[in-house]
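Same order as they appear, the protein sequences are chains A and B. One point on numbering: in this note's numbering, the residue at position 180 of the first sequence is 180, and numbering is uninterrupted. With positions in the second sequence counted from 1, the corresponding number in this note's numbering is that position plus 1000.
Any given hint could turn out to be false.
As the list claims (entries may be wrong) - Some chain B residues close to chain A (C-beta under 10 Å, calculated; not the full set):
#: 1; residue: Gln1019
#: 2; residue: Val1024
#: 3; residue: Val1026
#: 4; residue: Glu1027
#: 5; residue: Leu1030
#: 6; residue: Tyr1031
#: 7; residue: Phe1059
#: 8; residue: Phe1069
#: 9; residue: Ser1072
#: 10; residue: Tyr1073
#: 11; residue: Ser1074
#: 12; residue: Trp1080
Stated by the list, open to error - Just the calculated beta-carbon pair ranges, DEER-fashion:
#: 13; chain 1: A; residue 1: Asp156; chain 2: B; residue 2: Asp1008; range: 28 to 36 Å
#: 14; chain 1: B; residue 1: Asp1008; chain 2: A; residue 2: Ser15; range: 37 to 45 Å
#: 15; chain 1: B; residue 1: Glu1027; chain 2: A; residue 2: Ala133; range: 17 to 25 Å
#: 16; chain 1: B; residue 1: Ala1041; chain 2: A; residue 2: Met1; range: 21 to 29 Å
#: 17; chain 1: A; residue 1: Gly91; chain 2: B; residue 2: Glu1017; range: 34 to 42 Å
#: 18; chain 1: B; residue 1: Ala1010; chain 2: A; residue 2: Asp150; range: 41 to 49 Å
#: 19; chain 1: B; residue 1: Ala1041; chain 2: A; residue 2: Glu85; range: 16 to 24 Å
#: 20; chain 1: B; residue 1: Ser1083; chain 2: A; residue 2: Ala102; range: 39 to 47 Å
#: 21; chain 1: A; residue 1: Asp156; chain 2: B; residue 2: Trp1085; range: 19 to 27 Å
#: 22; chain 1: B; residue 1: Asp1008; chain 2: A; residue 2: Glu184; range: 26 to 34 Å
#: 23; chain 1: A; residue 1: Ala89; chain 2: B; residue 2: Glu1027; range: 16 to 24 Å
#: 24; chain 1: B; residue 1: Tyr1011; chain 2: A; residue 2: Asp156; range: 17 to 25 Å
#: 25; chain 1: B; residue 1: Gln1054; chain 2: A; residue 2: Ser15; range: 31 to 39 Å
Stated by the list, open to error - Result set (DSS-like, lysine-lysine): computed pairs, CA atoms no more than 30 Å apart in a straight line:
#: 26; chain 1: A; residue 1: Lys121; chain 2: A; residue 2: Lys180
#: 27; chain 1: A; residue 1: Lys16; chain 2: B; residue 2: Lys1006
#: 28; chain 1: A; residue 1: Lys186; chain 2: A; residue 2: Lys52
#: 29; chain 1: B; residue 1: Lys1006; chain 2: A; residue 2: Lys6
#: 30; chain 1: A; residue 1: Lys16; chain 2: A; residue 2: Lys6
#: 31; chain 1: A; residue 1: Lys16; chain 2: A; residue 2: Lys52
#: 32; chain 1: B; residue 1: Lys1006; chain 2: A; residue 2: Lys121
#: 33; chain 1: A; residue 1: Lys159; chain 2: B; residue 2: Lys1006
#: 34; chain 1: A; residue 1: Lys23; chain 2: A; residue 2: Lys52
#: 35; chain 1: A; residue 1: Lys121; chain 2: A; residue 2: Lys80
#: 36; chain 1: A; residue 1: Lys6; chain 2: A; residue 2: Lys23
#: 37; chain 1: A; residue 1: Lys52; chain 2: A; residue 2: Lys121
#: 38; chain 1: A; residue 1: Lys80; chain 2: A; residue 2: Lys6
#: 39; chain 1: A; residue 1: Lys23; chain 2: B; residue 2: Lys1006
#: 40; chain 1: A; residue 1: Lys159; chain 2: A; residue 2: Lys80
These are computed hints drawn from the structure, not numbers from a lab. Note that CB positions come from ideal geometry on N, CA and C, so glycine has one too.
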Amino acid sequence: MWIYEKKLQYPVRVSKCDPRMAKYLIEQYGGADGELSAALRYLNQRYTIPDKVIGLLTDIGTEEFAHLEMIATMVYKLTKDATVEQLEAAGLGPHYANHDRALFYNNAAGVPWTAAYIQAKGDPIADLYEDIAAEEKARATYQWLIDQTDDVDLQDSLKFLREREIVHAQRFREAVEMLKADRETKKVF
Amino acid sequence: MSGGKKPDEAYYSLLTELQQLDFVLVELTLYLDTHPYDMQAVQQFNQFAQRRQQVAQAFESRYGPLLQFGHSYSRYPWDWADSPWPWQV
């Protein structure tokens, strides 16, 4: 089971109301390479992956939910004081018409999240390679998001998340090597 | 919607200390998931886990429970549902 902890993994501060940036950040909330996809991808793959890497998938999958909450906090703080006119000027008019200021699992272009974003092949190497690719894509997205804002407070939180993607990718690469080494030893009779 | 009362400065410094300890622990956790035989890392993990428990307890005694379902104690009246929530601070 899971236990909620009433704190963010890393502080999220924003220095201004900025619905334009919120619109872009939602990519990491409900986008293909976003945090929801990541959490659901890893936690779902756990059941059919070799025992050796279940712990890693569990822990990284859990950390992704902490990242999801950080992104939600950014979006919330960037939009909570915005007027309807400001939301419309930032391209969030269609979002407002459907959701007011509520968050929703869609990407920066407004496309709703879909399970088609994630894979579960049942082949451990294929699944872990997908996970590595997902982390690298998320890292790239964080870089683009950092480039899209001059808010140093927001950049600080985004840089933290960018670094986490690098660490996760590294750990997944190690998991691949563990499984390969395991496969080699099993060949020796 | 509303954020309730704004926490004092000590709230932020204690929270930062907890977040720093938790960063060490999450890093060590993921590292140990792929390096289970690194004894020094296991020792460091256990040391930080103990320190983390103390700081979390200090935080909770001042600012209320961090966890629920029985993983934290409650004052009377029930204070788990009190603001602020993490995105409000």
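Hint check results:
The restraint placing B/Gln1019 at the interface with chain A holds, with a minimum CB-CB distance near 6 Å, inside the 10 Å limit. For B/Val1024, the suggested interface contact is broken, since its CB lies about 12 Å from the closest CB of chain A, more than 10 Å. Satisfaction of the interface hint for B/Val1026 is found here, the shortest Cβ-Cβ separation to chain A being roughly 6 Å, below the 10 Å cut-off. Restraint check, B/Glu1027 versus chain A: the minimum CB separation of about 7 Å is within 10 Å; hint holds.
Taking 10 Å as the C-beta contact cut-off toward chain A, the hint placing B/Leu1030 at the interface holds, the least distance being around 5 Å. For the restraint placing B/Tyr1031 at the interface with chain A, the shortest Cβ-Cβ distance is roughly 8 Å, inside the 10 Å limit, so the hint holds. Hint status for B/Phe1059: holds, given a least beta-carbon distance of 8 Å to chain A, under 10 Å. A distance limit of 10 Å between C-beta atoms decides the matter here; for B/Phe1069 the minimum to chain A is near 6 Å, and the interface restraint holds.
Given the 10 Å rule on beta carbons, the hint for B/Ser1072 holds: about 9 Å separates it from the nearest Cβ of chain A. The interface hint given for B/Tyr1073 is broken, as the beta carbon of that residue sits about 14 Å from the closest beta carbon of chain A, more than 10 Å. Annotation: interface hint on B/Ser1074 violated; nearest CB of chain A at approximately 12 Å, more than 10 Å. Taken as an interface hint, B/Trp1080 checks out: its beta carbon lies about 8 Å from the nearest beta carbon of chain A, inside 10 Å.
Checked against the hint of 28 to 36 Å, the C-beta distance between A/Asp156 and B/Asp1008 comes to roughly 22 Å, which is inconsistent with it. A C-beta distance of roughly 21 Å is found between B/Asp1008 and A/Ser15, which places it outside the suggested range of 37 to 45 Å. Here the CB-CB span from B/Glu1027 to A/Ala133 is close to 23 Å, well matched to the stated 17 to 25 Å. Distance hint for B/Ala1041 and A/Met1: a CB-CB separation of about 27 Å, consistent with the stated range 21 to 29 Å.
Here the CB-CB span from A/Gly91 to B/Glu1017 is close to 40 Å, well matched to the stated 34 to 42 Å. Between B/Ala1010 and A/Asp150 the CB atoms are about 31 Å apart, so this pair departs from the stated range of 41 to 49 Å. A hinted range of 16 to 24 Å is violated for the C-beta pair B/Ala1041 and A/Glu85, which are about 54 Å apart. Evaluation of the 39 to 47 Å hint for B/Ser1083 and A/Ala102 yields a failure: the beta carbon distance comes to about 19 Å.
The given range of 19 to 27 Å is respected by A/Asp156 and B/Trp1085, whose C-beta atoms sit roughly 21 Å from each other. About 58 Å separates the C-beta atoms of B/Asp1008 and A/Glu184, a value inconsistent with the hinted range of 26 to 34 Å. Taken as a hint, the range 16 to 24 Å is violated for the pair A/Ala89 and B/Glu1027, whose Cβ atoms sit roughly 41 Å apart. Taken as a hint, the range 17 to 25 Å holds for the pair B/Tyr1011 and A/Asp156, whose Cβ atoms sit roughly 19 Å apart.
Under the hint 31 to 39 Å, the C-beta atoms of B/Gln1054 and A/Ser15, about 33 Å apart, fit the expected range. The suggested pairing of A/Lys121 with A/Lys180 holds, with an alpha-carbon distance near 17 Å, which does not exceed 30 Å. A threshold of 30 Å between alpha carbons decides the hint, and for A/Lys16 with B/Lys1006 the separation of about 18 Å falls inside it, so the pair holds. At most 30 Å may separate the alpha-carbon atoms for a hinted pair to count; A/Lys186 and A/Lys52 meet this at roughly 14 Å.
Taking the CA atoms of B/Lys1006 and A/Lys6, the gap is near 16 Å; set against the 30 Å cutoff, the hint holds. Of the supplied pair hints, the one linking A/Lys16 and A/Lys6 holds, its CA atoms being roughly 24 Å apart against a limit of 30 Å. In summary, the hint linking A/Lys16 to A/Lys52 is not supported, as the alpha carbons are separated by about 45 Å, beyond the 30 Å threshold. Restraint check: the Cα-Cα separation between B/Lys1006 and A/Lys121 comes to about 48 Å, which exceeds 30 Å; the hinted pair is violated.
A threshold of 30 Å between alpha carbons decides the hint, and for A/Lys159 with B/Lys1006 the separation of about 26 Å falls inside it, so the pair holds. Straight-line distance between C-alpha atoms of A/Lys23 and A/Lys52 comes to about 39 Å, which puts the hinted pair past the 30 Å bound. Taking the CA atoms of A/Lys121 and A/Lys80, the gap is near 40 Å; set against the 30 Å cutoff, the hint is violated. Under the criterion of a C-alpha separation no larger than 30 Å, the hint pairing A/Lys6 with A/Lys23 is consistent with the structure, at around 26 Å.
For the given pair, A/Lys52 sits about 18 Å from A/Lys121 by alpha-carbon distance, which is consistent with the 30 Å threshold. Among the hinted pairs, A/Lys80 with A/Lys6 is consistent with the structure: their alpha-carbon atoms are about 20 Å apart, no more than 30 Å. Between the alpha carbons of A/Lys23 and B/Lys1006 the distance comes to roughly 27 Å, so the proposed pair stays at or under 30 Å and holds. A distance of roughly 23 Å separates the Cα atoms of A/Lys159 and A/Lys80; the hinted pair therefore holds under the 30 Å criterion.
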